[in-house]
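Student: These protein sequences, in sequence, are chains A and B.
Following the numbering used here, the numbering of the first sequence begins with 1 at its first residue and continues without gaps.
Following the numbering used here, the numbering of the second sequence begins with 1001 at its first residue and continues without gaps.
For the record, the hints were derived by calculation from the structure and aren't laboratory data.
Accuracy of the hints is not assured; some may be wrong.
Unchecked claim - With a straight-line Cα cutoff of 20 angstroms, these simulated DMTMM-like cross-link-like pairs (lysine to aspartate or glutamate) come out:
{"id": "1", "chain 1": "B", "residue 1": "1339", "chain 2": "A", "residue 2": "84"}
{"id": "2", "chain 1": "A", "residue 1": "387", "chain 2": "A", "residue 2": "415"}
{"id": "3", "chain 1": "B", "residue 1": "1425", "chain 2": "A", "residue 2": "84"}
{"id": "4", "chain 1": "B", "residue 1": "1354", "chain 2": "A", "residue 2": "114"}
{"id": "5", "chain 1": "A", "residue 1": "353", "chain 2": "B", "residue 2": "1124"}
As the list claims (entries may be wrong) - Going by beta-carbon spacing under 7 angstroms, a handful of chain A positions derived as facing chain B:
{"id": "6", "residue": "15"}
{"id": "7", "residue": "27"}
{"id": "8", "residue": "29"}
{"id": "9", "residue": "77"}
{"id": "10", "residue": "79"}
{"id": "11", "residue": "82"}
{"id": "12", "residue": "112"}
{"id": "13", "residue": "116"}
{"id": "14", "residue": "132"}
{"id": "15", "residue": "352"}
{"id": "16", "residue": "425"}
Claimed, not checked - So the derived label-pair ranges between C-beta atoms look like this:
{"id": "17", "chain 1": "A", "residue 1": "340", "chain 2": "B", "residue 2": "1070", "range": "28 to 36 angstroms"}
{"id": "18", "chain 1": "B", "residue 1": "1545", "chain 2": "A", "residue 2": "458", "range": "51 to 59 angstroms"}
{"id": "19", "chain 1": "B", "residue 1": "1424", "chain 2": "A", "residue 2": "458", "range": "25 to 33 angstroms"}
{"id": "20", "chain 1": "A", "residue 1": "608", "chain 2": "B", "residue 2": "1067", "range": "53 to 61 angstroms"}
{"id": "21", "chain 1": "B", "residue 1": "1545", "chain 2": "A", "residue 2": "75", "range": "47 to 55 angstroms"}
{"id": "22", "chain 1": "B", "residue 1": "1424", "chain 2": "A", "residue 2": "619", "range": "37 to 45 angstroms"}
{"id": "23", "chain 1": "A", "residue 1": "77", "chain 2": "B", "residue 2": "1631", "range": "41 to 49 angstroms"}
{"id": "24", "chain 1": "B", "residue 1": "1412", "chain 2": "A", "residue 2": "458", "range": "48 to 56 angstroms"}
Computed from a prediction, not measured in an experiment: that's the story for all the values here.
For each residue, glycine too, the CB sits at the ideal point set by N, CA and C.
Number of protein chains: 2
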Amino acid sequence: MATKPTTDILSGFGRIPVTGISPVIEGGAYPAKAVVGELIPIRATIFREGHDAVNASVVLVNPKGREKLVPMQALEPKGLDPWEAWVRLDAPGLWRFRIEGWSDPWHTWLHNADAKLHAGIDTELVAAEFQALLDRVAPRVKNKRDLAFCEKFAAAFTAEAGPEALLKLAFDPKLAALMEKYGPRDLVSPTAEYPIFVDRERALCGSWYELFPRSVGAKQVKGKWISGTFDDCHTRLEEIAAMGFDVVYLPPIHPIGRSYRKGRNNTLDPTANDPGSPWAIGNADGGHDAINPELGDFAAFDRFVAKAESVGLEVALDLALQCSPDHPWVTAHPEWFSKRIDGSIAYAENPPKKYQDIYPLNFDNDPEGIYAEIWRIIELWISHGVKIFRVDNPHTKPLPFWARLHAELREKHPEVITLAEAFTKPAMMHSLGKLGFSQSYTYFTWRTAKWELEQYLGELSHLMDSFYRPNFFVNTPDINPFFLQSGNPAAFAIRAVLAATMSPSWGVYSGFELYEHEPLAPGREEYLNSEKYEFRPRDFTAEPNLSLLIGSLNDIRHKHPALQQLRQFNFHGVENERIIAYSKRDGDDVMLMVVSLNPDATEEGWVHLNMPDLGLDWGARFAVEDRLTGSYFHWDQDNFVRLPPENPAHILRVWR
Amino acid sequence: MATKPTTDILSGFGRIPVTGISPVIEGGAYPAKAVVGELIPIRATIFREGHDAVNASVVLVNPKGREKLVPMQALEPKGLDPWEAWVRLDAPGLWRFRIEGWSDPWHTWLHNADAKLHAGIDTELVAAEFQALLDRVAPRVKNKRDLAFCEKFAAAFTAEAGPEALLKLAFDPKLAALMEKYGPRDLVSPTAEYPIFVDRERALCGSWYELFPRSVGAKQVKGKWISGTFDDCHTRLEEIAAMGFDVVYLPPIHPIGRSYRKGRNNTLDPTANDPGSPWAIGNADGGHDAINPELGDFAAFDRFVAKAESVGLEVALDLALQCSPDHPWVTAHPEWFSKRIDGSIAYAENPPKKYQDIYPLNFDNDPEGIYAEIWRIIELWISHGVKIFRVDNPHTKPLPFWARLHAELREKHPEVITLAEAFTKPAMMHSLGKLGFSQSYTYFTWRTAKWELEQYLGELSHLMDSFYRPNFFVNTPDINPFFLQSGNPAAFAIRAVLAATMSPSWGVYSGFELYEHEPLAPGREEYLNSEKYEFRPRDFTAEPNLSLLIGSLNDIRHKHPALQQLRQFNFHGVENERIIAYSKRDGDDVMLMVVSLNPDATEEGWVHLNMPDLGLDWGARFAVEDRLTGSYFHWDQDNFVRLPPENPAHILRVWR
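Work the whole structure out from these sequences, hints included.
Tutor: The structure is reproduced here in structure tokens:
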């Protein structure tokens, strides 16, 4: 089920050793991650025996098998032999790369010539060796201009010219360019080939909005709730699109179980009026392949998808692989569940807690049968225009199941994107990313202090970037973050700015823009009157309202490639532990964010920029444009900032 | 040429994921290192989906294919899912190991039973599940006593006993022991198998003494030097053995080139009296398969080896794969060398420096021919009793050559030990260890400050231990360390103590015990009147003399297994940057070293012991015995030490 390299990676060191290669995921078992056009680093430790010059290239193999050679650069510190090439993969699909270490006669000669000509020794030998090198180069030269250079250098580079003139010739940039292009590569030592799967851009970058369709237009009539429908959502889709979102994500839309249905606030005694949790999937109306009739039918769903598309939104569905006791599978396939010792089907437990409304699948009982059914369901929704799945609790299902599913998706539906909703220990979260989830929820909601954010973003952008794409949700139906429970609008603004500018994907769950913040109880991170268990129609025109800021953030994100990527991310020093400064960069686009982490008071302090990270020289003066306010400033490497709660962030475009 | 795992490591995550496995060298291409009886750690990150208990075992496969299951332990921090088992491999040869992650019904049940019985719920179910578990265990129980336990627990564990009594039964240590032995392992998920080559102990641990046999008994007769011989060395071998050394290492013993022979102090104008550098190998008398007639013939060499053996010394030969211009290969196999553009054979160069007395081999010209000849030479010396080769400059030869050589040595002469003399960048030094060199020279001579030693020993014992075995030479014919150039005897004592107690292998080059220290010139780390270029007969009875201390150190090393191993090494805090404290441990043997790094003045300060590293409780009082002086002290976690230059170290046995 895993992708295998085409060559044997167990052969050890090649003639020119290349080791510590990245990105390589679990020895090459799974492809590393990239999206079309994303700049990604390929790295290795490359060295050789003796004194001759070593060099290296990356060979990129595109999905059609065409190869492209990219030169690698030796980095500092030289003593550790690090090499690197940043590449952009320009087509979706399964790419491969290998690294070729090679012996470099041109640089060997240049190094020796430099030493010998400076010492005034062996001039004839140096010249003769140069001519021999040119003899190897000339046949490979294709165009006349380069051939003319070759001939010019051949004529000029004779011992009679004397060491001083030869030194000058040897370091002629035109000669360097010629050799870069045609210089011989000896002892070429290819590594194994490792896979990189190139997704469409949305796998890395997007703004997500989560809504419960049943709440949109829901109303009470004579004390009885009437559910909102897909058709009721069309106007709301327009509003979401107007805020600049790219993805609208729906919790499960399937029929909801009746047995042990949960009432308001997760209580055990529901009224007939309570709609139940959408994650308790399945009743007599059907299971994962059906739609809750209260929301509409497949035609209504198709209209919803079409409307979303028409305003530039993709629809993400929830894939929650669990059942209510009323799910059709329970009778059709009792073997897909665990049995208790008394013969009854086991409900979910976290002893002593019992979740009698949920029957977990037991993937070990009939792996093939369960896989086939889930594949059928995924293809059903794909056939209705769904290309994004948010996967509920993947960390409670076996990893080989997910690996197989993603391998088949990559092959048959490479456009499909999956978001792993795993809030658990790092090894599991990393592994889900490695085996194929396109992107993942994160610890962002619990990272609020500067040191926490710096440490976590450092990991995400520099250590985990090849296998884990973050999606920074500011809240979810399950998480009402402590940081927001004051209801202070500045707190909401701060978290929105951080999420939208730190991570290429970010998400908002409905109600965030209205500053909803009441917890189920003090010390609890859940919402009071959670929409998971009841209808929550909202007035999105209410004030105060964060929609404008959210719209600005999404607009800035769309206009700045720097904010759409993950890997070129750096922090800058601020003499204030409650102000964080960071920059992102893609080519010429350089964005610098300075954000207060204190929603309750004005923070100020000196920002000390690490100028090379901005592509600037130390001591340079440059213009910055605050993309939130339109103001321009002249900055240099040290700048004083003042961030009051009502305007807690600068999002600066750096003009170079 | 590399060793291949028997199963496919590219298959990705198993049902119970096991990742980040160590020791795995270059994806399994080369075996990890161990010696017979050495305690080595096997580690991995192991986790699983959902709530059920995970467990893991190491399966050791001995050279005969017999398997042994070793339980692994979960370590802290639990959040990172680290697992570990320390194992001893009790026979030499090629072992393999795999890790099996598995689902643990016993601990799953215990966790649930604990929660439920405490809450007083599901007592019947808990009891019934226990009986079902016992039904799986009973058929596997072989002895009557365990079977009786089984039956006793089966009879006692009924719902009627009530939750409180059942809780007590559930946590009965006898039940835990029974389950540890027979508990079922579900969903067993084996990883690939990875190789570990188990060498004889000398590969890890030994005291080396380097001598030039030509100097022993060399004398001037009428102004003309007469070389010492192998036969002259017999008494010296006894003295070296008396100092407790295990290995006597000889620089090349082959005929020495005449062309461009170097004179005293590496000068270019030798007299007829100058013996030349032994590393300029080969003349009309022969090459690498011959003996310099001035030292004796093969019979004399055999007598030398026999004498060494008789006093408990092994002989290590130098393997220096380079030639003088007079080497027989130069005429017999000119194709084994590089040709300059003028057709002449290329001498060694580091432009603008020229080494015209040395012709390097070009391994790329005829890899098969050169390999066969070098294999022939190695087997020749093996047939004369040599089992240890100190390899000169391996980093100037291609790595695949060394990998092939070591693979064949492991197969045909597993008793052979190689020492890599590579002083170069870390990637090359690491790689030589990975591909098979038994042990390696190190940066020790240049690590003299406390922070440098702590950082380096941390790397060696905890990060590089599975592929790189250090040999701490205090000096070599090429390295006259700056730290020793004062000639201060305390400096020599400090370095000897550090080398002998930090590293399981250490080495001394002749003259160290006489405090030889004069540099070639100020600022140079070479010896004046280097023995590489002249005869240096010595009076080893001269005073002052470090032989006694060296003898004590080797004696202590022989008596203490803790000092013979590398991996269980820890530093302790000292409130003085010029005192270093560290401990080593093997089973019950615990050694604690406190060493002044200042040869010029008395140092004193508080030593704060990390008690668990010594196997002691915080606050414990315990006896220590200084193995250098025989004194006993009572210590606890904080102790004051005073180390004058005449007695700069404590080597303490910790009595627990």
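Student: Taking the hints in turn, state whether each one holds.
Tutor: Each hint, compared with the structure:
1. 1339/B - 84/A: The given pair, whose Cα atoms are some 34 angstroms apart, is violated under the 20 angstroms limit.
2. 387/A - 415/A: This hinted pair holds, its Cα atoms lying about 7 angstroms apart.
3. 1425/B - 84/A: Judged against 20 angstroms, a Cα distance of about 18 angstroms means the pair holds.
4. 1354/B - 114/A: Since the Cα atoms of residue 1354/B and residue 114/A sit roughly 15 angstroms apart, the hinted pair holds (cutoff 20 angstroms).
5. 353/A - 1124/B: holds, 17 angstroms
6. 15: holds, 6 angstroms
7. 27: holds, 5 angstroms
8. 29: Cβ of residue 29/A sits 4 angstroms from chain B, so the hint holds.
9. 77: violated, 10 angstroms
10. 79: With Cβ-Cβ at 5 angstroms, under 7 angstroms, it holds.
11. 82: violated, 9 angstroms
12. 112: With a minimum Cβ separation of about 5 angstroms from chain B (threshold 7 angstroms), the hint on residue 112/A holds.
13. 116: Since chain B brings a Cβ to about 5 angstroms from residue 116/A, closer than 7 angstroms, the hint holds.
14. 132: Holds: closest Cβ of chain B sits about 6 angstroms from residue 132/A, inside 7 angstroms.
15. 352: holds, 4 angstroms
16. 425: Holds: closest Cβ of chain B sits about 5 angstroms from residue 425/A, inside 7 angstroms.
17. 340/A - 1070/B: 28 to 36 angstroms: holds, 34 angstroms
18. 1545/B - 458/A: 51 to 59 angstroms: Because 56 angstroms falls inside the window, the suggested range holds.
19. 1424/B - 458/A: 25 to 33 angstroms: Holds: the Cβ-Cβ distance is about 31 angstroms, inside 25 to 33 angstroms.
20. 608/A - 1067/B: 53 to 61 angstroms: This hint holds: roughly 60 angstroms between Cβ atoms.
21. 1545/B - 75/A: 47 to 55 angstroms: holds, 50 angstroms
22. 1424/B - 619/A: 37 to 45 angstroms: holds, 38 angstroms
23. 77/A - 1631/B: 41 to 49 angstroms: holds, 46 angstroms
24. 1412/B - 458/A: 48 to 56 angstroms: For residue 458/A against residue 1412/B, whose Cβ atoms are near 50 angstroms apart, the range 48 to 56 angstroms holds.
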